[in-house]
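One-letter residues, chain by chain:
Number of protein chains: 2
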Amino acid sequence: MNNIVLVGFMGTGKSSVGQELARRLQWPFIDTDAEVERETGLSIPDIFRHYGEGYFRKKEQDIIQRVMQGKRQVIATGGGAVIKKENRQLFRSHGIVICLRADPEVIWDRVREKDDRPLLQGREQVAKLLAERELFYRDVDLTLDTSHKAPEEVGRTILAQLGWQKKGDFSLQLIRVNLPIAGYNIFVRPGILSRVALYLPGELGKRVLVISDNKVSSLYGPVLFSALKEGNYQPTLKRVAEGEGAKELSVVADLYQASLSAGIERHCPIIALGGGVVGDLAGFVAATFMRGVPFIQIPTTLLAQVDSSIGGKVGVNLPQGKNLVGSFYQPRAVLIDPTLLQSLPPREVRAGLAEVVKYGLVFSPELYHLLEREVDRFLALDPHITTPVIAECCRLKTALVERDEREEYGHRMLLNFGHNIGHAVERASGYGTFRHGEAVAIGIAAACYLSVKLGLLNPDIFDRVKGLLERIGLSTHLYGININAVYGNLIYDKKAREQKIPFILLKDLGKPVIFEDVPREIITAVLKDLGAGK
Amino acid sequence: MNNIVLVGFMGTGKSSVGQELARRLQWPFIDTDAEVERETGLSIPDIFRHYGEGYFRKKEQDIIQRVMQGKRQVIATGGGAVIKKENRQLFRSHGIVICLRADPEVIWDRVREKDDRPLLQGREQVAKLLAERELFYRDVDLTLDTSHKAPEEVGRTILAQLGWQKKGDFSLQLIRVNLPIAGYNIFVRPGILSRVALYLPGELGKRVLVISDNKVSSLYGPVLFSALKEGNYQPTLKRVAEGEGAKELSVVADLYQASLSAGIERHCPIIALGGGVVGDLAGFVAATFMRGVPFIQIPTTLLAQVDSSIGGKVGVNLPQGKNLVGSFYQPRAVLIDPTLLQSLPPREVRAGLAEVVKYGLVFSPELYHLLEREVDRFLALDPHITTPVIAECCRLKTALVERDEREEYGHRMLLNFGHNIGHAVERASGYGTFRHGEAVAIGIAAACYLSVKLGLLNPDIFDRVKGLLERIGLSTHLYGININAVYGNLIYDKKAREQKIPFILLKDLGKPVIFEDVPREIITAVLKDLGAGK
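So the protein lines, in turn, are chains A and B. Under my numbering, the first residue of the first sequence carries the number 5, and numbering increases by one thereafter. Under my numbering, the first residue of the second sequence carries the number 5, and numbering increases by one thereafter.
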């Protein structure tokens, strides 16, 4: 959360609102136009007159590049700064971008008196320039209309929407996912469900299809619906059956019909309210209905909040296997409310925590240490712990997704730590015996133990991991499971190419290493030591 | 067709092959490494030693930027030039990019004797660097292995594959589609069907699913299969029924099963061999099977060759309407063989020509004039006319697709010239009475006449357009069609937002203009004048 960047057309109040925000946050205020004038010693009209717009834009870009290196600043940008893609990317990657808007008439009234607006020579030009720049003002975090509002009011509204009512109150966590075509925001905030309309992107159509399962929709449907209606959305609910069985082509066909009945058109969103199954299914429908409509994820399980709702993998199963049909289709926003976890069965929270442990082990010793210290408060679902932990997992996954959106280059592969043995155990024991996260916990323990066996990892760390998983209430042994069944499933895992079994192992906390080929004897010895039978 | 750019690892023969190509084409030869040495007055080892790799890369990039402004040059690049994205984009947009490869042992033998390779200090480094750069060498137009070949042989092979056997023989037309994520090539060449394997991208898996209909597969399946087998591909054929009825979810489900049976995995391509229906259907399967597998279009109808195979719109119908389910999913290559048109019923060629007339009217007076001059030779399917005309249509559509891949900004809307009245006529007359292109021809005539009525277009041009359409054998009147039925369907066309009927009209050849709201009286008067009844 480095900076607040205000963009928007001239006369929308960027400077006055920016000064107000800076005062409230006690952050420095920077106006890039003023910086250009200071550096060149010339007024902006003079720069345009004598050196032309190109020169101004170049100077402006240099200053933006320098300013964006700083942190915790409120930055008001020139009205045309967003035209350059490089500027937009800098704003995006180094701050929360807020767009101020106003009616063309209001803008004209505000700027007509001044003679320092070189691009504006008449009322009709306001509308024309506004239309030309419309596109550049779209991809922002928040949009506010300042037409008939004082800067104080606008500043107060912005801080309320960000959840920063008072200085230092960072109860909203915002993670930006930067992708080449369409980036989006992940918002993590306790209670966000009842304020959903504030966090939806500005350009959505008003008709909304909410896809959920029976259980989740009866728990949270009413809150979501009244929040949507507050934002003047017209939601329709379509329920699907609970469980993996719903991820099926015939259900997709039903959901196309539901989309038609709900009047969904190209800009109308489909919202997934539920766990991974609902997210995968609703996401695939959103990806393919009318060649793609906006998709919003509101994940309600821990596993969906820290993993499956982020990254754009959507799809359904075929009788021959899971996720054989699908797309990479990014949501337009992910809204995560950690308080929703309170309605989950404790077993599901525990299972979900296995993935959190995985993020800590593979990517972040800090997260791992935090878990060791605070796992009991997490299990008690204290939002002061769940919120930052979930947000950190989102951040870690986002970093991988940004580098490898479509799983082409192997970066996302590290997310499979513990998953190959986990999947094999799931299959060997028959689906349904273990929850996915429970099998992953066993896989994590096995991967750590294998790392010790191969001389990579200090045995103390294996003991600590085992201890943490057990404190969570996750089993780390393989009693009652057949070694050969696990090994056989390991070979036929779809990730195993050409009979080689790639293993992600650990050298230390946060130090994963990929082993292309682990000898069968060592794998079976590990499975045996962890309690699997013949 | 500006330049030939040779990329590839050191020791793959870029300089010697480049000189050979330059000799044969009588184009200048430029070696970017030599340019760097010339400009700096230093040898490359000296630059690395005294100034570091960063300095060298910067100099190299400057030179590439300058050199790529030229045309008709053979350019050999340094082995690491492809690392910079900016360089790759320049190569792509200003030339045909050819990658030379060689076995690591051959490379080592070629370079070990020299002391001017600063990055290479041992045999094992060849393999390591090769692996690191693998990714950068992928997205090219042609790849050739030079391991045990003389430069003369490699040069000859390249020119043969490009179809430039002798200087000036440009019987291959290559259109590059530049898109932010994955660009691709459109090849237009008489006889390309029997040489398909030469034109497929290098990184595809060997198992291939060919989707076609009964009629097309019996005509062209055998040629395609033997061409694929020559390239060591293992093709499987899956037939679908002929006609629009096949664009249906249950057929998609069948095709997923066929993909599984054919052993299609993530890198194995699905090839569409057929017209628009087969392309839309196979493309949707490719877009969604295993979250997307490579897709190759081999369009066999004129309409598919000039329009539907380009642009990435794939999908199927729902009972409520056409193309309600689908994606934007770009092919990895489009291979167009104009000789395939010979097996089409003449009526289909005539109908397809309506879209070609559209391209000429809206985007290219040159194309329109060429059609007026050579329409008879086109109807006789002379490849000397069909090849450049089809390629020009592909170029025009590509330019729109590049600017607006997902139909977000309205650029692609101009492609609907003649289509709103066309669709309305199709619907008012019951699908099946007119072929799509025949209805579009009526729509084109109506749009031109409307343009005249509104005082935009010179009546002489309307007469010429009517004359050209009639020479093609396309009707331009509305006898037997009910005015109110057409008007009603015009209002309910899905492109009509908020009851406004946007019309694309003409001010002149190549000068389209969008009218947001044409009065009902004028539309009905035009329909009446064109022969529609009450």
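Treat the hints with care, since some could be wrong.
Here are some chain B residues pointing at chain A (derived, C-beta under 10 Å) [to be verified]:
1. Leu139
2. Leu204
3. Gln324
4. Glu409
No lab work stands behind these hints: they were computed from the structure. Ideal Cβ placement from N, Cα and C applies to all residues, glycine included.
Outcome of the hint check:
no. : hint   : in the structure
1   : Leu139 : 7 Å, holds
2   : Leu204 : 19 Å, violated
3   : Gln324 : 6 Å, holds
4   : Glu409 : 8 Å, holds
Figure legend: structure checked against the earlier numbered hints; the only hint not met is number 2.
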